[in-house]
Every structure is written in structure tokens, then in C-alpha cells.
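**Q** Given chain F, work out where chain G should sit, using these hints.
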Amino acid sequence: MGAETSDAGTRRLVLLRHAKAEPGGGSVDDVLRPLALNGRRQAAGVGAALRGSGLVPERVLCSSALRTRQTWELLSAHLGDVEPDVVVSDALYAADVTDVLDLVRATDARVRTLLVVGHEPTMAATASHLADPASDGGALAQVRVGVPTATYSVLEAATAWDAWDARGALLTYVGRPG
Amino acid sequence: MGLLDGKKLLITGVLTDSSIAFHAARLAQEEGAEVVLSSFGRQMKLTQAFAKRLPVEAPVVQLDVTNDEDLAGLADAVREHTDRLDGVVHSIGFAPQSVMGGNFLSATWEDVATALQVSTFSYKSLAVAAKPLMTDGGALVGLTFDAQFAWPVYDWMGVAKAGLESANRYLARDLGPDGIRANLVSAGPIRTTAAKSIPGFEQMEDGWPQRAPLGWDQTTAEPAARAVVALLSDWFPATTGEIVHVDGGVHAMGL
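Listed in order, the protein sequences are those of chains F and G. Residue numbers 13 to 190, in the working numbering, belong to the letters of the first sequence in order. Residue numbers 35 to 289, in the working numbering, belong to the letters of the second sequence in order.
This is chain F alone, in the form it adopts within the complex (with noise of 0.2 angstroms):
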């Protein structure tokens, strides 16, 4: 805890929810729906509103869903010559924030930026929870409701990863690019 707490630095999140997949029910299972076409394009563009903004990650956190992983695979060719830690994640598709919390508590004190790619409502109630009341009004007024699709969420803190908490963290923004 002590090396932990005293590595200073901002850490940053990346909350995102999975781009534009195609419509449920019918034959496919839920976690088997592909992104649609207009979401491959959402998926591209996320990574490269990543890459402008100084947002590539050093670890990915990434439901199993095939909509969550597809997203990420469409993203990260944007992302220019980087290989981040890539953890594909069961726990993350039906996860809820207390799930997501203890994944991005179980960082690595070495990683600066962590994108996490899952699903609606989970992604905008933890920025939410992590928000500081401080953080841009518009932004915490759109957790607060919820993200569309290939919408992502930016976090900071100046706070050791195993130590993120309600209300710790500083909103920065929150859109999609496009």
C-alpha cells in the first residue's frame, strides 16, 4: 500500500461502452451480437479520438461480449505502434459497478491509462459513482442518465489505482467522436 500511495501521478480511466451493435433477439445469443456496420465505424473513430486526445492505454479491460471485443479490435489498429495489456473479461458482461470497481482497483501501479470496454448501464454508473460533484456539470449530467453507444467517459485522478472511490475522481468528458 505504501509504494502504492506514495507513486504519485495522474491515473486516468477510460470508460467505454461498446459501439452500435446489431439488434437483438431472434436466433443470437446476446453476447454474440456483432457490431453493426454503422458501429464499425463508431469503433474506429473512438480509437482515434483516443489516440488525439493522449488517451492510448497501457491496459485494456475487455468484456467477452463479441460486441465489447470487436469494438476494441476496430479501435486499437488506431491507435498507432502500441501492444497494451489486453485482459478479456467474463466478469466484465454482466458486471456491475462494485465488479467493475474491483477490476480497476487490481491495476498495476505502472499503468497510467486504463480503458475499460463494457456495457450500458454499468459504464455510466461508474463514472457516476467515481465522479467528483466538482466535475463538469454537462458531463455528470450525462452519467447520471447514461451513455449511447461508442460513448466514452474520461476519469482522473492523482490517486493510487487500489484507492479509487466514490466521488474521487475528476470528470473530464464525455462523448463520442463524429
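Note that these hints are calculated values from the structure, not bench results. As the structure is a prediction and not an experimental result, all values here were calculated from the model. Heads up, the beta-carbon is just placed ideally off N, CA and C, and yes, glycines get one too. Be aware that one or more of the hints could be misleading.
Said to hold, decoys possible - Sample of chain F residues at the chain G side, in silico, Cβ under 10 angstroms: (1) Leu44; (2) Glu95; (3) Asp97; (4) Asp114; (5) Arg122.
Said to hold, decoys possible - Partner residues are not named here, just some residues of chain F that face chain G (Cβ under 10 angstroms, in silico): (6) Ala103; (7) Leu104; (8) Leu115.
**A** The following block gives chain G in isolation, referenced to the frame of chain F:
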């Protein structure tokens, strides 16, 4: 009575809860085994987080298979949690992107050497490091992806797996006299693992369910994990140097 009642196991490679290693750990506990996990570096805390999601939270010991100190200290680290081992699961593989994804001809030795050290030689290193704890014999189980063939995009990882399959036979030879069996599970493609890092891996997955006489579900690691548990049990007492295919039957088909 569980299949693994009283067994004490070391399971490497639980980097995520969608992996074969995680499901093997879960099933092994359900079958009565005590499980210790290993992890290292940036993955350590995440392995600890996933260890909490097992039926019984498993302790995690530090082991970087490329680090001689970790290997030398493994037996003592495991002894803090259990007095002996009856089984060890090797679920460790890594290759730089530059040697997979269609880059076979442009790969450099430095990157290939990393793939071979982490994915092939580590099987021997792990076996030797764990051997002092395997006083009553036991089972080593590793994971391969059928290395008889050249696959799309798998490239030098395929070469590393060919080496792993060969190493498995030599481990069977050299550890047999100590009552230690060495076997591999050759699993079909599992999307959650593939999505991690192999560009274009879907080329390999696409035809699999159609070619498999039993069909193939790429979304679950459980069938492969079940085979791992079976090989750790006393129900393969005279099997070593073997590769058990858990691929829906694809390996046996011509077309």
C-alpha cells in the same frame, strides 16, 4: 467424492476469468482440489482479483517463468500455502505481435526467442521448479494449439507450440521415473483468448464449428478446462507424453 479430492495444485496463467486456466481452477476446486495460482508483474493484482471470483479464494504466488530467482523460489513460495503438489498446470504463452498475424517471414530472432522462452522453454522450467514439491508423483498439464499444421496468423506461436509438444514428450521421458506424468490439452480456438492479441485470429475460428463433427463453441473455455481436470486426476494413471484434443474432432477430419 470429487475427481480431485485431496489433490493440491499449482495453476499458472489465470490472467482473466475467461481463460482455460481460470475455468480449470474453478472446476478443480469444485472437484475437491486445493488450488494455488501464480502470476507476475503487471498481471499480479488482476490475478488476485480474479482469484476472489473462484469458489474458494486461491492464494497467488509470484512466478515469472523467465526469472531464475522466481523459479528457484517457487517451491518455498508454494510451501507457504501447501506442503506438496500433486499437479501443475502450465498455461503460459506469449509472442510479440511482430511474430504473429502474418509476419512469419519478417520476424526477428530476438522476438522469436521471446516467444520460445516464454511459451516453450517455460514448460521445462516450471516442471523443474515444481518437482521438489511433487514428492508423490503427479501430473503436469499444458495447453497447445495443434502444432502439426501451419495455421493462418499463428506463425511463430505455432512453432513455439510445436516445441512445446516435443518438450512434453521429453518431460514424460525424464519425469516418468518419478511418477510424474506430462500431458497436453490441444484445444480448439476460444474467442476470448484469441481476442487478446492475435490480429486476424478470426480466420482460424470461422470454419471450426462447421468442420467439427461435434460442433464447437468458441465462447467457452469449459470443455478444455474439463479435460485439464481429467488429466490431473487419477483416471489417467498410465498416460504420459500424450496430447488430448479438445477441438470438437477437427484434428481427425480431412475436410
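**Q** For every hint, state whether the structure bears it out.
**A** Now the hints, each set against the structure:
Checking Leu44/F against chain G by beta carbon gives a least distance of about 7 angstroms; that is within 10 angstroms, so the hint holds. The beta carbon of Glu95/F is positioned within 10 angstroms of a beta carbon in chain G (closest approach about 6 angstroms), and the interface hint is therefore held. Using the Cβ-Cβ criterion of 10 angstroms, the hint placing Asp97/F at the interface with chain G is satisfied: the shortest such distance is roughly 6 angstroms. This hint holds: Asp114/F has a C-beta 6 angstroms from the nearest C-beta of chain G, less than the 10 angstroms allowed.
The interface hint given for Arg122/F is met, as the beta carbon of that residue sits about 6 angstroms from the closest beta carbon of chain G, less than 10 angstroms. Contact between Ala103/F and chain G, as hinted, is supported at the beta carbon level, the nearest pair being about 5 angstroms apart and thus within 10 angstroms. Nearest Cβ of chain G to the Cβ of Leu104/F: about 9 angstroms, under the 10 angstroms cut. The hint holds. Among the interface hints, the one on Leu115/F holds; its C-beta lies about 6 angstroms from the nearest C-beta in chain G, closer than the 10 angstroms criterion.
In the structure shown, no violation is registered for any of the earlier numbered hints.
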